[in-house]
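Student: Protein sequences, first through last, are from chains A and B.
Under numbering that gives the first Met the number 0, the letters of the first sequence match residues 0 to 371, in that order.
Under numbering that gives the first Met the number 0, the letters of the second sequence match residues 0 to 371, in that order.
Please note that the accuracy of each hint is not assured.
The list treats identical chains as one, so a pair stands whether inside a single copy or across any two.
[Unchecked claim] Only pairs whose alpha carbons sit at most 25 Å apart, straight line, appear in this in silico SDA-like list of lysine to any residue:
(1) K21 to S241
(2) K79 to D103
(3) K37 to A281
(4) K21 to D240
(5) K134 to L344
(6) K37 to A288
(7) K21 to I260
(8) K257 to S189
(9) K21 to G295
(10) K258 to E161
(11) K21 to K257
(12) K21 to F242
(13) K258 to F92
(14) K134 to R236
(15) K71 to P335
(16) K257 to P102
(17) K258 to L131
It is worth saying that the hints were derived from the structure and are not from the lab.
Predicted model, so just to flag it, every value in this text is computed and none were measured.
Next come the chains, spelled out residue by residue.
2 protein chains.
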Amino acid sequence: MASARQFHQIAGDFTMQNGSIKDPVIAYETWGELNFQKDNAVLLFTGLSPSAHAASSTLDHSTGWWEPMLGKGKPIDTDKYFVICINSLGSCFGSTGPASINPDTGSLYGLDFPVLTIEDIAIGGQAVIESLGIKRLYAVIGASMGAMTALAHSILYPEVAEGLVSISGTARARPFTIAIRSVQREMIRSDPTWNDGVYDSPPSMGMRLARKLGMLSYRSAAEFEQRFGRERVPEERQTGDSFDIDFEVESYLDAHAKKFIGSFDANCYLYLSRAMDLFDVADHGGSVAAGLSRVGAGRAMVIGVETDLLFPIDQQQEIVDGLNNGDREIEFHNLPSLQGHDAFLVDMDRFRPLICDFFNCSMNQPEQLRSI
Amino acid sequence: MASARQFHQIAGDFTMQNGSIKDPVIAYETWGELNFQKDNAVLLFTGLSPSAHAASSTLDHSTGWWEPMLGKGKPIDTDKYFVICINSLGSCFGSTGPASINPDTGSLYGLDFPVLTIEDIAIGGQAVIESLGIKRLYAVIGASMGAMTALAHSILYPEVAEGLVSISGTARARPFTIAIRSVQREMIRSDPTWNDGVYDSPPSMGMRLARKLGMLSYRSAAEFEQRFGRERVPEERQTGDSFDIDFEVESYLDAHAKKFIGSFDANCYLYLSRAMDLFDVADHGGSVAAGLSRVGAGRAMVIGVETDLLFPIDQQQEIVDGLNNGDREIEFHNLPSLQGHDAFLVDMDRFRPLICDFFNCSMNQPEQLRSI
Chain A
0 MASARQFHQI AGDFTMQNGS IKDPVIAYET WGELNFQKDN AVLLFTGLSP SAHAASSTLD
60 HSTGWWEPML GKGKPIDTDK YFVICINSLG SCFGSTGPAS INPDTGSLYG LDFPVLTIED
120 IAIGGQAVIE SLGIKRLYAV IGASMGAMTA LAHSILYPEV AEGLVSISGT ARARPFTIAI
180 RSVQREMIRS DPTWNDGVYD SPPSMGMRLA RKLGMLSYRS AAEFEQRFGR ERVPEERQTG
240 DSFDIDFEVE SYLDAHAKKF IGSFDANCYL YLSRAMDLFD VADHGGSVAA GLSRVGAGRA
300 MVIGVETDLL FPIDQQQEIV DGLNNGDREI EFHNLPSLQG HDAFLVDMDR FRPLICDFFN
360 CSMNQPEQLR SI
Chain B
0 MASARQFHQI AGDFTMQNGS IKDPVIAYET WGELNFQKDN AVLLFTGLSP SAHAASSTLD
60 HSTGWWEPML GKGKPIDTDK YFVICINSLG SCFGSTGPAS INPDTGSLYG LDFPVLTIED
120 IAIGGQAVIE SLGIKRLYAV IGASMGAMTA LAHSILYPEV AEGLVSISGT ARARPFTIAI
180 RSVQREMIRS DPTWNDGVYD SPPSMGMRLA RKLGMLSYRS AAEFEQRFGR ERVPEERQTG
240 DSFDIDFEVE SYLDAHAKKF IGSFDANCYL YLSRAMDLFD VADHGGSVAA GLSRVGAGRA
300 MVIGVETDLL FPIDQQQEIV DGLNNGDREI EFHNLPSLQG HDAFLVDMDR FRPLICDFFN
360 CSMNQPEQLR SI
C-alpha cells in the first residue's frame, strides 16, 4: 500500500523530560499546501492509538482516522489549510519509540526508552513544523490525548498557534482515568508473553483485555443500551461454552480487540498510557490556572461530551475557566452525544458544524441541510 | 475462629434452571429470634462476593459486611427481627457451588456445575426459610446482586415477603455491565493458572485484575478525585519501575485486589458473574413491567445512588415504575452519595435513616443527631 508518511529526523541528542535519545524520527502526514504567507498551517495531534494517517490523500487512498473531518471541501478544508498530523513520539507508526532500534545498542529500546511525557510529544510536533519552515500556526488541534498534547504545545510555544481546539481532553489526568489505565497496563504486563518488555510475538492476551477495557471507557452505557440491549449472538455463533460470547455486546468488544492486537506495539502502549497519567498543566506554573494562563492562542474552542466517562464535562469546564482570561475569544460546547469519549470519531453531525465554524469552512450550510 | 454459619441441606435432586445437582447445601447465618407469630423474619440476600456473615454475633465476633446496619439497636434491629442472611448458591462460603465436591464424581464440580441463575439463588434462600418453618417474611432485602435476588424471590414467591427493599439493583442486566463482567471473566479465564477451571492454586493474576476492574466500577470518579487526587505514593514505596505503582489510586486498587485473591474461588466468581448477566425480570411474564407486576409485597423501598456506574438511577426508576401498581406503598430514594455502587457499604449517614424508617427502628432520631 502506498504511504503518505513523511519523516523528520531530529539530529543529535534529543532531550526528553526524563532522559535523552539519539537522532529520533517523527513521522507525519500533510494535506494541502502551505501558502506564501505561511499562515494557513494546522497542527493536528492524535489520541493514544492512531497513526498520522488522519485522512486519505492522493498518495494514500486508505481511509484515515478522521476522514470525515479533513480533506477538500471538508470542515478542515485542505484546499484552504496545510494540515500536519503528527505520529506521537513514543508511538509505533514511524516515530521513534520503545519499538524502535536504539542506535547505541542496535537493539529495540523496549523499557530502556525514557519515561515519556505529553510535553515530549508536543516538542516532537514542534520540531516537525519548524523543519517545514512554519513559524505560526492557524491552529493546533487534538482530541483525547491529542487535546492534552495541543494544550502542552500551546503552553510550551505560546507564540506559535493562533487558535487552539481541545476536544474531549483534560488539563490534568484524574485518579479515575489513571486507575483505568493502570489496570490496562497491568493486563499487558501480566501477560507472560510480554516478558518484561522483551517479546518476539505480541502479548495478545494483555493487549486484547486492555483494548476491551478501553472500549468500555471510550463509549457510554447509553450507547451500548441503544445498540445492543440484551441481544444474544445467533445460535450458530454460540460455542456452547457458557462463559464464551453469548451477548452481542461481548461479540462487539471481541471484534474490536481482535483488530487492535498486532496493530499496536505493547511497550508503546504502556509508554503513551503512562504519559497521559503524568500530564498536569499545573506543572507549568504551579496550578492549572497558571499553566493555562501561558497559552498564547487568541482563539480557543473547547468541546466536551456529556457521556464521556474518561474526561467528563467538569474537566472541560476547567480548561475553559483557565483559558478564559478576558482577552481570548473562547467557545465551549458541551455535546449531548451518546458515544462518550469516542464521539469525535463517530458523531459527525454534532462535531462537523463546530469544526467547520472554527475553520471558516464553506460546507456548513449545505451539510446541515443534508443531515436533516 | 468461631463460626455462626448454619447449613440447610436440600435432600435429593435440586432442579436448577439449567440442570440439577444432588443434595445441595445452603449456608446461612441468623440474628435475633423468630417470634411466636413467626412474622418478624427478614431475609437478606448478598452481593456477588460476601458470605452470609453480614454482622457479628455472640457466636462470631468478627465484623460482618453490613455491620453498621444489622444488630441490636441498629437500623435492622435484631432485638425485634429474626434476620437470615443467605450465602448464595454457587458461592464458596459454605453453600454448594463450583468449588464444592460433586457427590456423583467425588471431584469438584468446577465447570460441570450447571449454569447458575439469580432465580436459583432465590430458590435456595426460600428453601432455608421453609426449613426454619417461616411462611411469611416481614421483608426481603438485598443490595446489588442481592437486590436482583430479592426481586426474583418476590416474583417467584409473591405470597411470602410483605416488604421488599431493593438497593442499587436492577430488573435486568444491561449491556454496559454485561460488558464489564465479561471482561472480568475473560481476565480470569485468560490466566494460565485457571487451566479451564481445574486449578490447585488460585488464578491470582486473573482474580487480581478482575477485582481491580470491579473496584473501578463499584466506586465513582468523584470519590477517587476527592480521596486521591493526583497524590503520589511516598518515595520509599516507589520501586523505580515506571509502570509500577506511582499514584496513590494505584496503590489503593492493589491493596483491595490483594485482599480478594485467595478469599474467593475463581470458578464461583465466574458463575455468579454470569448469573447477573442472565437476569431479566422480563423472563417472568414477557416484559419487565409484567415481571414486576407479580411481586406480592405490599410495601417496597427502592434505593439508588446518583453516582452508581453499574446500576444507574434510570434502572432504579424502572424498578419503581414496575412496582408502582397503585395499591403498593412505595418509596424511591435517589441518593447523592459519592461512593457509587458501593455506597450502601460506606455512606451510612445516608442509608441508615432510610433502612431504619423501613424497619421502624427506634434509633433514627439520636443517630441523626449524633451524625450532625
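Student: Confirm or reject each hint.
Tutor: Right, here's what the structure says about each hint:
{"no.": "1", "hint": "K21 to S241", "verdict": "between (52 Å within a copy, 21 Å between copies)"}
{"no.": "2", "hint": "K79 to D103", "verdict": "neither (43 Å within a copy, 77 Å between copies)"}
{"no.": "3", "hint": "K37 to A281", "verdict": "neither (32 Å within a copy, 64 Å between copies)"}
{"no.": "4", "hint": "K21 to D240", "verdict": "between (51 Å within a copy, 22 Å between copies)"}
{"no.": "5", "hint": "K134 to L344", "verdict": "neither (29 Å within a copy, 57 Å between copies)"}
{"no.": "6", "hint": "K37 to A288", "verdict": "neither (31 Å within a copy, 65 Å between copies)"}
{"no.": "7", "hint": "K21 to I260", "verdict": "neither (29 Å within a copy, 44 Å between copies)"}
{"no.": "8", "hint": "K257 to S189", "verdict": "both (19 Å within a copy, 15 Å between copies)"}
{"no.": "9", "hint": "K21 to G295", "verdict": "neither (31 Å within a copy, 74 Å between copies)"}
{"no.": "10", "hint": "K258 to E161", "verdict": "neither (38 Å within a copy, 52 Å between copies)"}
{"no.": "11", "hint": "K21 to K257", "verdict": "neither (34 Å within a copy, 41 Å between copies)"}
{"no.": "12", "hint": "K21 to F242", "verdict": "between (49 Å within a copy, 23 Å between copies)"}
{"no.": "13", "hint": "K258 to F92", "verdict": "within (16 Å within a copy, 40 Å between copies)"}
{"no.": "14", "hint": "K134 to R236", "verdict": "neither (56 Å within a copy, 45 Å between copies)"}
{"no.": "15", "hint": "K71 to P335", "verdict": "neither (28 Å within a copy, 49 Å between copies)"}
{"no.": "16", "hint": "K257 to P102", "verdict": "neither (33 Å within a copy, 41 Å between copies)"}
{"no.": "17", "hint": "K258 to L131", "verdict": "neither (34 Å within a copy, 55 Å between copies)"}
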